[in-house]
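Listed here are the chains, written in short residue letters.
There are 2 protein chains.
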Amino acid sequence: MKTRIGILGYGNLGKGTEVAVAAAEDMELAAVFTRRDPSSVKILTDGVPVVNVDEIEKWTDKIDVLVLCGGSATDLPVQTPRYAKLFNVIDSFDTHARIPEHFGNVDAAAKEGNKVAMISVGWDPGLFSLNRVYANAILPDGKDYTFWGKGVSQGHSDAVRRIEGVKNAKQYTIPKEEALEAVRSGKNPELSTRDKHLRECFVVLKEGADKDRVEKEIKEMPNYFADYDTVVHFIDEDEFLRDHSGMAHGGFVFRTGKTGANKENNHIIEYRIKLDSNPEFTTSVIIAYARAVKRLADEGVSGAKTVFDIPPAYLCTQTDEELRAHFL
Amino acid sequence: MKTRIGILGYGNLGKGTEVAVAAAEDMELAAVFTRRDPSSVKILTDGVPVVNVDEIEKWTDKIDVLVLCGGSATDLPVQTPRYAKLFNVIDSFDTHARIPEHFGNVDAAAKEGNKVAMISVGWDPGLFSLNRVYANAILPDGKDYTFWGKGVSQGHSDAVRRIEGVKNAKQYTIPKEEALEAVRSGKNPELSTRDKHLRECFVVLKEGADKDRVEKEIKEMPNYFADYDTVVHFIDEDEFLRDHSGMAHGGFVFRTGKTGANKENNHIIEYRIKLDSNPEFTTSVIIAYARAVKRLADEGVSGAKTVFDIPPAYLCTQTDEELRAHFL
Numbered sequence: 016m017k018t019r020i021g022i023l024g025y026g027n028l029g030k031g032t033e034v035a036v037a038a039a040e041d042m043e044l045a046a047v048f049t050r051r052d053p054s055s056v057k058i059l060t061d062g063v064p065v066v067n068v069d070e071i072e073k074w075t076d077k078i079d080v081l082v083l084c085g086g087s088a089t090d091l092p093v094q095t096p097r098y099a100k101l102f103n104v105i106d107s108f109d110t111h112a113r114i115p116e117h118f119g120n121v122d123a124a125a126k127e128g129n130k131v132a133m134i135s136v137g138w139d140p141g142l143f144s145l146n147r148v149y150a151n152a153i154l155p156d157g158k159d160y161t162f163w164g165k166g167v168s169q170g171h172s173d174a175v176r177r178i179e180g181v182k183n184a185k186q187y188t189i190p191k192e193e194a195l196e197a198v199r200s201g202k203n204p205e206l207s208t209r210d211k212h213l214r215e216c217f218v219v220l221k222e223g224a225d226k227d228r229v230e231k232e233i234k235e236m237p238n239y240f241a242d243y244d245t246v247v248h249f250i251d252e253d254e255f256l257r258d259h260s261g262m263a264h265g266g267f268v269f270r271t272g273k274t275g276a277n278k279e280n281n282h283i284i285e286y287r288i289k290l291d292s293n294p295e296f297t298t299s300v301i302i303a304y305a306r307a308v309k310r311l312a313d314e315g316v317s318g319a320k321t322v323f324d325i326p327p328a329y330l331c332t333q334t335d336e337e338l339r340a341h342f343l
Numbered sequence: 016m017k018t019r020i021g022i023l024g025y026g027n028l029g030k031g032t033e034v035a036v037a038a039a040e041d042m043e044l045a046a047v048f049t050r051r052d053p054s055s056v057k058i059l060t061d062g063v064p065v066v067n068v069d070e071i072e073k074w075t076d077k078i079d080v081l082v083l084c085g086g087s088a089t090d091l092p093v094q095t096p097r098y099a100k101l102f103n104v105i106d107s108f109d110t111h112a113r114i115p116e117h118f119g120n121v122d123a124a125a126k127e128g129n130k131v132a133m134i135s136v137g138w139d140p141g142l143f144s145l146n147r148v149y150a151n152a153i154l155p156d157g158k159d160y161t162f163w164g165k166g167v168s169q170g171h172s173d174a175v176r177r178i179e180g181v182k183n184a185k186q187y188t189i190p191k192e193e194a195l196e197a198v199r200s201g202k203n204p205e206l207s208t209r210d211k212h213l214r215e216c217f218v219v220l221k222e223g224a225d226k227d228r229v230e231k232e233i234k235e236m237p238n239y240f241a242d243y244d245t246v247v248h249f250i251d252e253d254e255f256l257r258d259h260s261g262m263a264h265g266g267f268v269f270r271t272g273k274t275g276a277n278k279e280n281n282h283i284i285e286y287r288i289k290l291d292s293n294p295e296f297t298t299s300v301i302i303a304y305a306r307a308v309k310r311l312a313d314e315g316v317s318g319a320k321t322v323f324d325i326p327p328a329y330l331c332t333q334t335d336e337e338l339r340a341h342f343l
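As you go down the protein sequences, you meet chains A and B in turn.
Heads up, the first sequence is in my numbering, so the first residue is 16 and it goes up one at a time.
Heads up, the second sequence is in my numbering, so the first residue is 16 and it goes up one at a time.
Please keep in mind that the hints were generated in silico from the structure rather than gathered at the bench.
These figures come from a predicted structure and were not determined experimentally.
Treat the hints with caution; some may be incorrect.
It does not matter which identical chain is meant; a pair holds if it fits inside one copy or across any two.
Calculated cross-link-like contacts (lysine to any residue; reagent style SDA-like; alpha-carbon spacing at most 20 Å) [said to hold, decoys possible]:
#, residue 1, residue 2
1, 165, 201
2, 158, 287
3, 165, 196
4, 158, 279
The whole structure should be built from the sequences, with the hints applied where relevant.
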C-alpha cells in the first residue's frame with residue numbers, strides 16, 4: 016500500500032510537495048487542506064479532494080503523514096504541535112534560534128498523540144545541518160563555513176519593500192567567489208560578514224519616490240544591510256516581473272580540518288547545492304523524510320525527530336540489501 | 016568513562032586510527048595488536064601496550080571497539096567475521112562487489128557473539144555512499160556521477176610495478192576538469208570512462224629497461240589503462256621518493272535531478288573532499304563511527320551495520336539538545 020500524504024497549506028511549499036509526491040512511486044496524495052474556500056483552490060492532481068482545514072479531524076484514518084506547509088513565523092509554531100497530536104507530521108520550521116523551543120512543544124504533543132513529528136526538514140535547516148554534523152564528527156579540529164545563494168532572501172526582500180517609496184523588491188544573497196576560493200585553498204581564512212556575501216537588490220519605485228534616499232536607507236539598514244556590500248538596481252515593473260520571478264537558490268557548507276600527530280594534514284569537505292526551484296527542492300527533501308516518518312511510526316516510535324535522528328536508509332524506497340549492493 | 020579502542024594492524028590505517036583516537040576527547044587507545052613481533056612495533060602513544068594478535072582473546076573485557084586495519088583483499092574477509100564474535104568491530108572493507116557477501120559473513124558472526132560490527136567505513140565506501148543515498152532519495156529522477164582524485168590508486172600503481180623493467184611506480188587518478196564542469200553546468204552529460212578521469216604514471220625504470228615498451232605496455236593494459244587517456248613520465252629514484260610519497264586524495268559525488276510538474280527544474284548536489292592524507296581521513300571517519308558502534312552496543316543491538324543504518328547524531332560527542340541548538 017502506498018503512503019498516504021496530506022498537505023496543509025497550498026502555497027509554494029504545498030505545490031512543491033504535491034509534485035514531489037507525484038514523483039515518489041511509493042506515495043500518493045490523499046488530500047490538500049486549506050484555510051481558504053476549497054472551491055477557490057485548484058490543484059494539479061486529478062481526483063484528490065481539497066478540504067477546509069476545519070474538517071481535518073475526519074481524516075486521521077486516511078492520512079499516514081501530514082506535510083505542514085505553513086510559514087515559520089506564525090503558522091508552524093501553532094500548527095505543528097496542534098496536528099502532531101492527531102497525525103504523523105513533518106514541517107520545515109526554519110527559525111534556527113527557536114528550534115529548541117519548537118522541538119519541545121512538538122515533542123510533547125507528538126508523544127501525547129503517540130505520533131512521529133519531524134521538524135526543520137529542508138536544506139537549511141536540513142541537508143546543510145546534516146553536513147555540518149557529519150563533518151564535525153569526522154574532523155573535530157576544524158572550522159565551519161556556510162554560504163547561501165545565489166538566491167532570493169525573503170526576509171531581506173520584505174525589509175526593502177517596507178521602505179517608503181518602494182513598490183516591489185527582490186534581494187539576492189550572493190556568495191563572494193574570493194571567499195569561496197579562500198576556503199577551498201585550505202587557508203582557513205577568518206571571514207567577516209562583509210567578506211562572505213554580497214547583497215544585490217532589484218527595486219521598483221513608486222511614482223515620485225526619491226531614488227537616493229531609498230538607496231541610502233537600504234544600504235544603512237542595520238542587521239539587514241549595514242554590514243554588507245550592497246548593490247542596488249532600480250528597474251521598471253516589466254523587467255522586475257520578467258527577470259526576477261524565479262525561485263532559484265543554493266549554497267555551500269564547508270568544513271576544513273586538521274589531522275596528524277602534529278596536525279600537519281589539512282582536509283576540506285565541501286557540500287554544494289544549486290537549485291532551480293527552492294520550494295521544489297525543499298519539498299523533495301521533505302518527502303524523502305516523510306518516508307522515514309512512516310517507517311518510524313510503523314515501528315511504534317513517537318515524539319519529535321530531526322534529520323540527526325534518522326538513519327539514511329529510512330529515506331529510501333530500496334531494501335537494505337539493495338542499498339548495500341548498489342550504493343555502498 | 017572513555018571508549019576504549021583497540022587497533023589490529025599497525026600500517027597506515029592503524030597509525031591513522033591512533034592519531035584519530037588521540038584527537039577524540041571521549042576515546043582512549045587500549046592496545047595495538049600486531050602479527051609482527053610486538054617489540055619491533057613502535058607506536059606514538061605513551062604507555063599503550065603493543066600485543067601479539069595471538070593474545071587478543073585476553074582483551075575482550077578491556078576493549079569497547081576493535082578497529083580492523085587490515086587490507087580488503089585477504090585480511091578483512093577473514094578477520095572481521097573472526098573478531099566480530101569476540102569484540103564490537105569496525106572495518107573499512109572496500110571491495111565494492113564483495114560487500115553483500117562480506118556483510119552476510121560478518122552479520123552472522125556478530126549475532127553469534129552478540130556484538131555490533133560495522134563494515135565498509137571510510138569515504139568510498141562510506142561518505143560517498145551516504146551522499147549517493149541521500150541524494151537519490153531526495154532526487155529520484157536524476158543522474159549520479161562519482162569522480163576520484165587527484166590521488167594515488169594503489170591497484171593501478173601495483174599493476175604498473177608488475178611490468179617487466181619497472182623498479183617503482185605511482186599512478187594518479189585525476190578527474191578531468193571539463194567533465195566536472197559539464198556536470199556542474201546541469202547538462203547531464205553522458206561521460207565515458209575516458210571522459211571522466213586521466214591516469215598519470217610516474218615510473219622508475221630498472222637499469223637497461225626499454226622505455227618505449229614499458230610505456231606501450233602501460234597504455235595498452237586492459238581494464239587498468241586501455242580505456243583511459245594515460246600519461247607516463249619516467250623519472251629517477253630521487254625524484255620519485257621526494258615528490259611521490261604523499262598520500263593526498265579526494266573526489267566528488269554529484270547527483271543532478273529534475274523536479275516540477277513538467278520536470279522543468281534542475282538541481283545539482285555536489286559533495287567534494289580534498290585530503291592531504293587518505294589514511295588519516297579514512298580513520299577519522301572510522302573513529303566517528305566507532306562512537307556509534309559503542310552506542311549501539313550499549314543499547315543491546317547486535318549484527319552487522321553500514322553507514323546507511325546509523326543516525327547521524329550517533330557519530331557525535333554532543334547531546335541531541337546540543338546538536339539541535341548548534342548544528343540544525
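Subject >> Within, between, both or neither, where residue 165 and residue 201 count as close if Cα-Cα is 20 Å or less >> reply: between (23 Å within a copy, 16 Å between copies)
**OP:** With 20 Å as the alpha-carbon cut-off, assign the pair residue 158 and residue 279 to within, between, both or neither.
**Re:** within (15 Å within a copy, 37 Å between copies)
Original post:
Is it within, between, both, or neither for residue 165 and residue 196, if the alpha carbons may be no more than 20 Å apart?
Top reply: Classified as both; 16 Å inside a copy, 18 Å across copies.
**OP:** Measure nothing new, just compare the shortest in-copy and cross-copy C-alpha distances for residue 158 and residue 287 to 20 Å and report within, between, both or neither.
**Re:** Classified as both; 17 Å inside a copy, 16 Å across copies.
Hint violations for this structure: none, all hints satisfied.
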